[in-house]
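A.B. asks: As a plain string of letters, each chain reads:
Number of protein chains: 2
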Amino acid sequence: MTNLYVIKIGGNIIDDEAKLSSFLKSFAAIDSKKILVHGGGKLATKLAEKMGVEQKLVDGRRITDAETLKIVTMVYAGYVNKNIVAQLQSFECNAIGLSGVDGDIILAHKRNHPVIDYGYVGDVDSVNTPLLKNLLEQNLALVFAPITHDQGGQLLNTNADTIAQEIAKAMSDEFNVELIYSFEKSGVLLDVEDETSVIQKLNWENYQNLKKPSPPSGDGSKIFAGMIPKLDNAFAALKSGVSKVIIGKAENLSALIAGTSGTTIENG
Amino acid sequence: MTNLYVIKIGGNIIDDEAKLSSFLKSFAAIDSKKILVHGGGKLATKLAEKMGVEQKLVDGRRITDAETLKIVTMVYAGYVNKNIVAQLQSFECNAIGLSGVDGDIILAHKRNHPVIDYGYVGDVDSVNTPLLKNLLEQNLALVFAPITHDQGGQLLNTNADTIAQEIAKAMSDEFNVELIYSFEKSGVLLDVEDETSVIQKLNWENYQNLKKPSPPSGDGSKIFAGMIPKLDNAFAALKSGVSKVIIGKAENLSALIAGTSGTTIENG
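Line by line, the protein sequences are chains A and B. When the letters of the first sequence are read in order and numbered with this note's numbering, they come out as residues -1 to 266. When the letters of the second sequence are read in order and numbered with this note's numbering, they come out as residues -1 to 266.
Some clues are possibly wrong.
The list treats identical chains as interchangeable, and a pair is accepted whether it falls inside one copy or across any two copies.
Said to hold, decoys possible - Calculated lysine-lysine pairs in the DSSO-like style (CA-CA distance at most 27 Å, straight line):
(1) K108 <-> K23
(2) K242 <-> K23
(3) K54 <-> K44
(4) K209 <-> K237
(5) K131 <-> K237
(6) K210 <-> K242
(7) K210 <-> K228
No wet-lab data here; the hints were simulated from the structure.
Can you build the whole structure from these sequences, using the hints too?
C.D. replies: See below:
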C-alpha cells in the first residue's frame, strides 16, 4: 500500500514564524502523500482579546460560544490555513487548504455532555475518504483546519488532534498510514523536566506499566499526565489500522519520519 | 459542451442573512456544474473597526495594508466561505470552499501602479483549470473567496468581480460558460432610479450608443456610471469565449438562469 503521512502540528509552532517556516519546508520536502492538520495557536485568543470577546473556560477547556466559533473559523480556516498553503506553494509543494465542511469531508455533531455545555464543539461522526483519496492522487498536499459541520448548516470547532486521528484511521483502509503528532517536546518523556529522557519505542504493554503510579520507593519517573490523552488516542489509532504513531519535536520532522527522533508507538 | 455557471454574489447579499440563505437555496438547486464567487460585504470593514484597524481609501478604493490583508483573509476565506459552504451542504449541495492559493488555482502579482500603492492587491496572471475541472467532475460546487497568491508565499486581495471573470474566461475552452453577476439591482437600468427600466438584451453596438452622453434635448436616460466597469468586463469576457453574461438581482437567481430576468449580454 502507498504510504500516507498524517501530521498534526502543535500550536506553539504556529505562533513562531521562523519555526513554522522551517517546519513547512521539511513538510514540503516529504516525498509521499501527506496531510497536515493545524490549529491556530494563540492567535484566536489574541484576536478575541482585541475584539473584546471574553473566553470562557470550564475545567481548563475553552467553551465555543457563537462569537468564539466565528473567531476560530476566521483564524483557523482563514488566516492560518491560507498562509500555510501560500508558504507551501512557495516551497514548490502544491497544497490545498480544507476544513471538514469542504466536500462534506468531516461530518460531526454538537457535543452532548450531561453536565458541561461546550457550545459549538463537534465530535466526529465520519470522514469522506473518496474525496481525500482523489485529491491526494492529484499530488496535492492537504492542509486541514479543525472546523467541522453537522450537515444542518452549523459549523463546529473540533480538536485538531482528534481530526488528525480520525483522518488517519479512516484512510488506513487504502493507505499505509503513519500518524505524527509534532509539537514543542522531543517526544514522550520519562521525566517531563528532561528533554533527553525520550522513550524511543512504546507498545501497549510498557505503556500500561508506565501509567501505573510509582511506588513510594520508586524514582517517581512516569509519563506526564498531559500526555495520557494523546497516548490513549495513539493506541486507539493503532487499533483502527494506523500502522505507526510518532510523537516528537516539529523542528525534527524529517528525523521523525526517518524514525531517528521522537517516540514511535507501534502494536506488539 | 457541458454548461458551467460562474456566479458572483454581491456584497449586499452577504450582509443580509435571509437574502443570502434564499440565494444559496436557489444556487443549490441549479442542476449544472457551478462556481460561486463571493466577497465579504461589510463584515471586513466591521471587523476592522472592532480591531481598531483604520481603513485607508484612495479614490474610493480600499488600500490593503498588512493588517487589512489579515482581516480580509480571515473574513472572506474563513468566516464567509465556510459558512456559505456549510449552508450549501444543508441544502444537499456538496460544495468545497477555495481561494486562489489552494491548489495554486489563481496565480497573481502585487499590483504595480505608477502613482498609487494599493498594498497587497493582486492582479490575476493565470487560472489552473485542470484542478477546477477535476473538482467539478466530482460533482462539487466550488465556492471561491477572492484571495490569490504570488507563489512567493504572499497572499493577495483580489476583486471578486475580476476573479469571477477570470475563472469564466479560463473555463471557456472546455465548458459552455455563462457568467452571472448577481447583486441588489434588477439588472442594467436605463434609469438608475427606476428598477423597472431593465435593459433585457445588450450587445456591443447598443452598449456603445447607450454610453454616449445624452444630447441636451434628450431625456437624460443613460447607463449608470458605476455599471461601466462591470459592463466593460462583461464584454471582455464575451471576447474571451464566455457565451453569455447575465446581470441581475440575486433574489431572482433561478429567473436569471432561465433568462427571464435581468440583463443578458451577448455577442452580435
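A.B. asks: For each hint, tell me whether it holds in the structure or not.
C.D. replies: So, going through the hints one by one against the coordinates:
no., hint, verdict
1, K108 <-> K23, "between (36 Å within a copy, 24 Å between copies)"
2, K242 <-> K23, "within (23 Å within a copy, 44 Å between copies)"
3, K54 <-> K44, "both (14 Å within a copy, 24 Å between copies)"
4, K209 <-> K237, "within (19 Å within a copy, 70 Å between copies)"
5, K131 <-> K237, "within (22 Å within a copy, 38 Å between copies)"
6, K210 <-> K242, "within (24 Å within a copy, 71 Å between copies)"
7, K210 <-> K228, "within (17 Å within a copy, 70 Å between copies)"
Consistency note: the structure conflicts with none of the earlier hints.
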